[in-house]
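Chemist: Listed below, chain by chain, are the residues.
Protein chains: 2
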Amino acid sequence: MRAMLPEIKELIASRKKRFIKKVASYFEPADIAEIWSDLSSEEQLVLFNAVETKFAADIFEFLKEDQMIDLLNTLTLTRKKEILNEMSPDDRADLFATLPEQETGKLIPLLEEDEQIRTRELLAYKENTAGGLMTTDYITVPEQVKVGFVLKEVRNKAKDIDFIQKIYVVDKVNRLKGIIPLKDLLTTNPQRKVQAVTESPFVSVSLDMDQEDVARVFEKYDEHSLPVLDKLGRIKGVITVDDVLDVIKEEASEDIYHFGAAAVTDEYLSANPIKVAQKRVIWLIVLALAGFVSGSVLEHFSFLLSNIVTLSFFIPILMNTSGSAGTQAATVVVRGLATGEIRLNDIWRVIRKEFLIGILMGVIAGVITALRAIILQGNVLLGYTVAIAMIAAIVIATSLGGILPILFKKLGVDPALMSGPLIATILDTTTLLIYFNVTMWLLWRFH
Amino acid sequence: MRAMLPEIKELIASRKKRFIKKVASYFEPADIAEIWSDLSSEEQLVLFNAVETKFAADIFEFLKEDQMIDLLNTLTLTRKKEILNEMSPDDRADLFATLPEQETGKLIPLLEEDEQIRTRELLAYKENTAGGLMTTDYITVPEQVKVGFVLKEVRNKAKDIDFIQKIYVVDKVNRLKGIIPLKDLLTTNPQRKVQAVTESPFVSVSLDMDQEDVARVFEKYDEHSLPVLDKLGRIKGVITVDDVLDVIKEEASEDIYHFGAAAVTDEYLSANPIKVAQKRVIWLIVLALAGFVSGSVLEHFSFLLSNIVTLSFFIPILMNTSGSAGTQAATVVVRGLATGEIRLNDIWRVIRKEFLIGILMGVIAGVITALRAIILQGNVLLGYTVAIAMIAAIVIATSLGGILPILFKKLGVDPALMSGPLIATILDTTTLLIYFNVTMWLLWRFH
Numbered sequence: 001m002r003a004m005l006p007e008i009k010e011l012i013a014s015r016k017k018r019f020i021k022k023v024a025s026y027f028e029p030a031d032i033a034e035i036w037s038d039l040s041s042e043e044q045l046v047l048f049n050a051v052e053t054k055f056a057a058d059i060f061e062f063l064k065e066d067q068m069i070d071l072l073n074t075l076t077l078t079r080k081k082e083i084l085n086e087m088s089p090d091d092r093a094d095l096f097a098t099l100p101e102q103e104t105g106k107l108i109p110l111l112e113e114d115e116q117i118r119t120r121e122l123l124a125y126k127e128n129t130a131g132g133l134m135t136t137d138y139i140t141v142p143e144q145v146k147v148g149f150v151l152k153e154v155r156n157k158a159k160d161i162d163f164i165q166k167i168y169v170v171d172k173v174n175r176l177k178g179i180i181p182l183k184d185l186l187t188t189n190p191q192r193k194v195q196a197v198t199e200s201p202f203v204s205v206s207l208d209m210d211q212e213d214v215a216r217v218f219e220k221y222d223e224h225s226l227p228v229l230d231k232l233g234r235i236k237g238v239i240t241v242d243d244v245l246d247v248i249k250e251e252a253s254e255d256i257y258h259f260g261a262a263a264v265t266d267e268y269l270s271a272n273p274i275k276v277a278q279k280r281v282i283w284l285i286v287l288a289l290a291g292f293v294s295g296s297v298l299e300h301f302s303f304l305l306s307n308i309v310t311l312s313f314f315i316p317i318l319m320n321t322s323g324s325a326g327t328q329a330a331t332v333v334v335r336g337l338a339t340g341e342i343r344l345n346d347i348w349r350v351i352r353k354e355f356l357i358g359i360l361m362g363v364i365a366g367v368i369t370a371l372r373a374i375i376l377q378g379n380v381l382l383g384y385t386v387a388i389a390m391i392a393a394i395v396i397a398t399s400l401g402g403i404l405p406i407l408f409k410k411l412g413v414d415p416a417l418m419s420g421p422l423i424a425t426i427l428d429t430t431t432l433l434i435y436f437n438v439t440m441w442l443l444w445r446f447h
Numbered sequence: 001m002r003a004m005l006p007e008i009k010e011l012i013a014s015r016k017k018r019f020i021k022k023v024a025s026y027f028e029p030a031d032i033a034e035i036w037s038d039l040s041s042e043e044q045l046v047l048f049n050a051v052e053t054k055f056a057a058d059i060f061e062f063l064k065e066d067q068m069i070d071l072l073n074t075l076t077l078t079r080k081k082e083i084l085n086e087m088s089p090d091d092r093a094d095l096f097a098t099l100p101e102q103e104t105g106k107l108i109p110l111l112e113e114d115e116q117i118r119t120r121e122l123l124a125y126k127e128n129t130a131g132g133l134m135t136t137d138y139i140t141v142p143e144q145v146k147v148g149f150v151l152k153e154v155r156n157k158a159k160d161i162d163f164i165q166k167i168y169v170v171d172k173v174n175r176l177k178g179i180i181p182l183k184d185l186l187t188t189n190p191q192r193k194v195q196a197v198t199e200s201p202f203v204s205v206s207l208d209m210d211q212e213d214v215a216r217v218f219e220k221y222d223e224h225s226l227p228v229l230d231k232l233g234r235i236k237g238v239i240t241v242d243d244v245l246d247v248i249k250e251e252a253s254e255d256i257y258h259f260g261a262a263a264v265t266d267e268y269l270s271a272n273p274i275k276v277a278q279k280r281v282i283w284l285i286v287l288a289l290a291g292f293v294s295g296s297v298l299e300h301f302s303f304l305l306s307n308i309v310t311l312s313f314f315i316p317i318l319m320n321t322s323g324s325a326g327t328q329a330a331t332v333v334v335r336g337l338a339t340g341e342i343r344l345n346d347i348w349r350v351i352r353k354e355f356l357i358g359i360l361m362g363v364i365a366g367v368i369t370a371l372r373a374i375i376l377q378g379n380v381l382l383g384y385t386v387a388i389a390m391i392a393a394i395v396i397a398t399s400l401g402g403i404l405p406i407l408f409k410k411l412g413v414d415p416a417l418m419s420g421p422l423i424a425t426i427l428d429t430t431t432l433l434i435y436f437n438v439t440m441w442l443l444w445r446f447h
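Residue numbers (my numbering), protein chains in the order written: chain A, 1 to 447; chain B, 1 to 447.
Since the hints were derived computationally from the structure, they do not count as laboratory data. Be aware that one or more of the hints could be misleading.
Identical copies look the same in the list; a pair holds intra-copy or inter-copy alike.
To be verified - In silico DSS-like links for lysine-lysine, alpha-carbon gap of 27 angstroms or less:
{"hint": "1", "residue 1": "Lys249", "residue 2": "Lys17"}
{"hint": "2", "residue 1": "Lys172", "residue 2": "Lys220"}
{"hint": "3", "residue 1": "Lys220", "residue 2": "Lys9"}
{"hint": "4", "residue 1": "Lys157", "residue 2": "Lys172"}
{"hint": "5", "residue 1": "Lys54", "residue 2": "Lys146"}
{"hint": "6", "residue 1": "Lys177", "residue 2": "Lys22"}
{"hint": "7", "residue 1": "Lys17", "residue 2": "Lys157"}
{"hint": "8", "residue 1": "Lys54", "residue 2": "Lys21"}
{"hint": "9", "residue 1": "Lys193", "residue 2": "Lys177"}
Note that the coordinates shown come from a computational prediction; the quantities given were computed from them, not determined experimentally.
Using the sequences and the accompanying hints, generate a full structural model.
Modeler: Written as C-alpha cells, this is what we have:
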C-alpha cells in the first residue's frame, strides 16, 4: 500500500471525484487508514469526501484518535452528520469518551434521535467494563412468535445491524430468555414456534464485569459473542470476540510493562522522552532507595570485605544468579495468575514447587561458582562458602519469586507490579545477608 | 459448578441415563470439562455415554489433551466413531497431531471417507501456520448462480457446517473470486445474480503464513474470519477470530517467559519440578558464566577495593539501578517489536530516545546516590565519582536495552530472548567497568 503512495497522491491531485471513489474501493479501509499520516490534510479531505459514506465511516473507524479528531474538525456539518450516524455505536462512544465533555455535547445533537439516547447510555459505562466493550446493535424478538417471524425480523434489520449471528429472545420487560443461533433459524420450518430453536441456558456477562474477566469468559466457553445483562437480567448489549482481541493484547502489554518496571505508555515512538523518563524514573528511584539497604548490608560487613578482598569478587555473580532465579519464578507465577492457571489458593503448591526447583538449581549454580573459587582463587574454604551461600540464596530467590506475586494479588495489587527489577532488588539484600552470614560462620571462623 | 460436585456425583451414581442427560443439558460443555478431573474415570464414562453425541463431542473438545486420550481409550468403538466424526475438523486434527503416528493411523479409518481425506490434509500443515489454524468446514458456490441458489445451499449445509457467516465464491478450479456476507444474502432479492452481493477485493492469508502474522492480519483489518489460500489462490480453509484469541495469548505468554528468562512450559502447576528446573537452569548457567566476567572486572580492580573499602558499598546500587533501567528500555522495545509498533528501521529513533531518557534518569539517580555518599560517608569526591558513574552507566543501560532486542530481531533471533536477566548481566560488567574507570580517573587521582 505504502509503495503506491505517489500514484495515490497523483490521483487525489487530479480531483476526479468519481475516479478517486472507484480506485479507493479496490483497497481495504484499514490499508487506507494505514497511510493516512502520509497524506496532507487537504489530500485527506479530498479522498474522504470522494468515497461513499459507508466506506468513509469504515476508514474513519480505523484511524487513530488524534487523526479522527483532526479530520472531524475539517468536515462540513453535513458530512460530519453522515459519518457520525454511520459509525458503529461502540466505536462512536469510544471516540466521544476521549473528547472533552464540551466537544461531545456539540457532537451528540448531530445524531439521529434514537442514536443520541443510545450514545448517552453507552457513555455512562466505564471504559474497561463489559458495558464499555459492548455494542447496542442487535436483534431481539418476543417469546411467543414463530420462526418465520424471526426470519422476517432478521431480513428487515440486517441492513442496519451488523451483528445477526444470534437473535435474542426477551420477555415483556426485556429480560433475556434465550438465544437463537441464526444457523438454526435458517434450517428450521418457519411454522414452528421459536422455542424449537432457542438455546437456554446460555452464557452471559454482567454490565459491570471487568474487561479482563470478560476475556476469560470468552476463552473458557469458546464463544463468538456474549450478551451483556444488567442486574435484573435485561439485555443491554452484545460483545463480540473481536472486541476481546484488543483486550487480551492490551492486558498482556500492561503486564509486560509492569513486569519490566517500565511505565505503561500508549505510544512509544511518538512519545516525548521527558515524559517517558518521568514515568520510568519513579520506579528507578524506588529501586535505588531499596538499593541503599543492600549498600548498608555491605557497609555493616565491610570488615569482612577489607580483610578478605576475594569475597567481593563473588558478589556480582551471587546477586545476579539469585536475581535471575527469582525473576524466572516470578515470571511464571505472574503469567499464571494472569491467564488463570494459578489461583490464590495454589500458594502452597507454588511454594513447594519453587522450593524444590530452587534446591536443584542452587546445587548446580553452587558447584559452578565453587569451582571458580577453588580453581582461580585456590581457596577450598571459599569454595564451600560461596556454594552454600549460592544454594541458600537461590532457594530464597525462587520461593520469594513465587510467593510475592501471589501475596500482591491477595492484597488486591496487580501481581505484575512485583516486577523483575523489584524482585532482583529485594533479593540483592537477602543474598548479601546470606553470603556474609555464611562467611562469618564458615570462612571467617576457620580463616 | 464445582460447588455442585456432590450432587453431580450422586446423579451419576444413580445411573439414570435419561435423567443424567437432562440435567447435563442445563450446563455448558465448558463447565463440565472444567470439573472433569474431579470425576473418577468410571463417572466420566457414565456421564459421557448418557448425553447426546453432539453435546458429548462439545465436552470432549473442551478437555485437555491427556484427558481426551484417556477418555478415548475407554470408549466403545461405536461411541468413538460417533465422537470423532462429530468433532470439528480443526480440533480433531489438533488432537491427532499430538498422538503417536501409529495411534493416529488406527483412528483415521474410523472417520467417514471424506473426513478421512480432510484430516490427512489438515495433518500435513504445520501446527503454527495458517494451515494449522484453519477449519475446512465452510460453504463454496460457483460464480454463475443466483442469490436464491446460494440461500438454498446455506439452508442445506448449515446443519453440518458451523461457519456460515460468509460464503465463498469460487471458479471451476476452486480459486477464490469473492466473498458473500450472509447478512447481505438475506437482504437481497433471490432473483439477483450472486455478483450483486459478492465482495471483491477481499483480505486473505496464505497457507504457510506464521500464526503470529495471521493474528496481526486479523487485528489490522478487524475481521471476524479470513479465507486461507494456497499459492494458486485456491481456497483451502477458513480461520475464525476465536482461533486467533489463543494465538495472541500463547504468543504473549511465550514473550513473557522468554523475557523473564524462564523456559516456556505448557502447564506449570502439574509439571514435574525436576523438568522445570532442567529447563530454567540452562539460562541460569549461561547467566552465571556471564557473571564470571563481572567477577573478573572486580578482581582486576581489587587494589582499588582493598584501598577504598567504601567503594564497594555503591556496587549493588549501581548494578541494580543500571540493570533496572536497561530492563525498562528492553521491555518497551521487546513489546513494541511484538505488537509491530517498532520496526527494524526505527533503530535510530529508539537509540536517540533512549539516550535522552538515560541522561534524564541518570542525573536524578546520580544525585540521589551522590547525596548518600556525601551525607553518610562524608566524602564529596566519592559523591562526584558515583554520580558520574551512575549517569554514564544508566545512559549505556537504556541505550543497550533499546538496541539489543532490535539487533536480535535483525539477526533473526526472538527479541524476547534478550531477557531482563540477560540485559542485567551484560550491564553488570559495563557498569563495573565504568565505575572503576571513573574512580581511577577522579577519586584515585585526587585521593
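Chemist: For the identical chains here, do Lys177 and Lys22 meet the 27 angstroms Cα criterion within one copy, between copies, both, or neither?
Modeler: Result: close only across copies, 19 angstroms inter versus 46 angstroms intra.
Chemist: Between the shortest in-copy and the shortest cross-copy C-alpha distance, which are at most 27 angstroms for Lys17 and Lys157: within, between, both, or neither?
Modeler: For Lys17 and Lys157, the Cα distance exceeds 27 angstroms both inside one copy (31 angstroms) and across copies (43 angstroms).
Chemist: How do Lys220 and Lys9 come out at 27 angstroms by Cα distance, when the copy is not named: within, between, both, or neither?
Modeler: Close across copies (23 angstroms), not inside one copy (47 angstroms); limit 27 angstroms.
Chemist: What label fits Lys54 with Lys21 when the C-alpha limit is 27 angstroms: within, between, both, or neither?
Modeler: within (12 angstroms within a copy, 48 angstroms between copies)
Chemist: I want to check one pair: Lys54 and Lys146. Are their C-alpha atoms no more than 27 angstroms apart within a copy, between two copies, both, or neither?
Modeler: between (33 angstroms within a copy, 25 angstroms between copies)
Chemist: Can you give me the call for Lys193 and Lys177, within, between, both or neither, at a CA distance of at most 27 angstroms?
Modeler: So Lys193 and Lys177 pass the 27 angstroms test inside one copy only (14 angstroms; across, 39 angstroms).
Chemist: First find the shortest C-alpha distance between Lys249 and Lys17 inside one copy, then the shortest across copies, and answer within, between, both or neither for a cut-off of 27 angstroms.
Modeler: For Lys249 and Lys17, neither the intra-copy (39 angstroms) nor the inter-copy (44 angstroms) Cα distance is at most 27 angstroms.
Chemist: Since the copies are identical, ignore which copy is meant and state whether Lys157 and Lys172 lie within 27 angstroms (CA to CA) inside a copy, between copies, both or neither.
Modeler: within (20 angstroms within a copy, 35 angstroms between copies)
Chemist: Up to 27 angstroms between alpha-carbons, please classify Lys172 paired with Lys220: within, between, both or neither.
Modeler: Intra 31 angstroms, inter 40 angstroms, cutoff 27 angstroms: neither.
Consistency note: the structure conflicts with the earlier hints numbered 1, 2 and 7.
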